[in-house]
Amino acid sequence: DVKVTQSSRYLVKRTGEKVFLECVQDMDHENMFWYRQDPGLGLRLIYFSYDVKMKEKGDIPEGYSVSREKKERFSLILESASTNQTSMYLCASTDRTYEQYFGPGTRLTVT
Amino acid sequence: QQQVKQSPQSLIVQKGGIPIINCAYENTAFDYFPWYQQFPGKGPALLIAIRPDVSEKKEGRFTISFNKSAKQFSLHIMDSQPGDSATYFCAAALIMNRDDKIIFGKGTRLHILP
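In order, the protein sequences belong to chains D and W.
Each step along the first sequence adds one to the number in my numbering, with nothing skipped, and position 1 is 1.
Each step along the second sequence adds one to the number in my numbering, with nothing skipped, and position 43 is 1043.
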């Protein structure tokens, strides 16, 4: 079974803090994705990566950056957290974009 | 157009009923249409998918109906159970080797009453 794990299930941070969300997959997938999920807005793509050290902007990259130093690990970074970044963050991995395997999510609250 | 429009946003059905979730797309280049199911506290998981060369696909109690000319597809759940209560996302994808794209609908929160 494909396993995608995320470093935290729940996270509370203060405005202005730097936040790291980590995602690890164990299936040697090339492609990894970060989404945020908000009620009524569905899944919105933040960043994705097709290879180590490679990254591409998704639909809502502003305020975020990513890092992929190893194939199995994809990190999402909030350089200076703001309250409008309070959300559920979902990581996914896949060999083919259309069949994605999601992690359990990190619910981030920024106060 | 890259949007996938999903309706309704929420749905309540009695146990044993047949909830129907509808999706519409505009880009005729899409060639793969998956549905994802998400239970509370979990990430979405692939449930069932269809390609545009067939009009219907069944897996257990879940059926996708596909209307290529209308650019619409829908998910039906037969004999629905409270355990089917979840959020469902439709999606449309382009399969282009390393440039695969996937667009998700905004999701439908389904609640099956016992």
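These aren't lab readings, by the way, just hints derived from the structure by calculation.
Predicted model only: the values in this text are computed from it and were never measured.
We put the CB at the ideal spot given by N, CA and C, even for glycine.
Any given hint might turn out to be false.
As the list claims (entries may be wrong) - Here are some, though not all, of the chain W residues that point toward chain D, as calculated from beta-carbon distances under 10 Å:
no.	residue
1	1033
2	1043
3	1068
4	1069
5	1071
6	1106
So, residue 1043(W) near chain D? Judge it on the closest CB pair being under 10 Å. 3 Å, holds
Please check whether residue 1068(W) passes as an interface residue: C-beta within 10 Å of a C-beta belonging to chain D. 18 Å, violated
Given residue 1069(W) as an interface hint, is its Cβ closer than 10 Å to any Cβ of chain D? Because about 22 Å separates residue 1069(W) from the closest Cβ in chain D, which is outside the 10 Å limit, the hint is violated.
Hint check, residue 1106(W) versus chain D [nearest Cβ-Cβ separation less than 10 Å]: Holds, because the Cβ-Cβ distance from residue 1106(W) to chain D comes to roughly 4 Å (cut-off 10 Å).
Given residue 1033(W) as an interface hint, is its Cβ closer than 10 Å to any Cβ of chain D? 9 Å, holds
Was the hint right that residue 1071(W) lines chain D, CB cutoff 10 Å? Check failed: Cβ of residue 1071(W) comes no nearer than 18 Å to chain D, outside 10 Å.
Hint compliance for this structure: hints 3, 4 and 5 are not met, and every other hint is.
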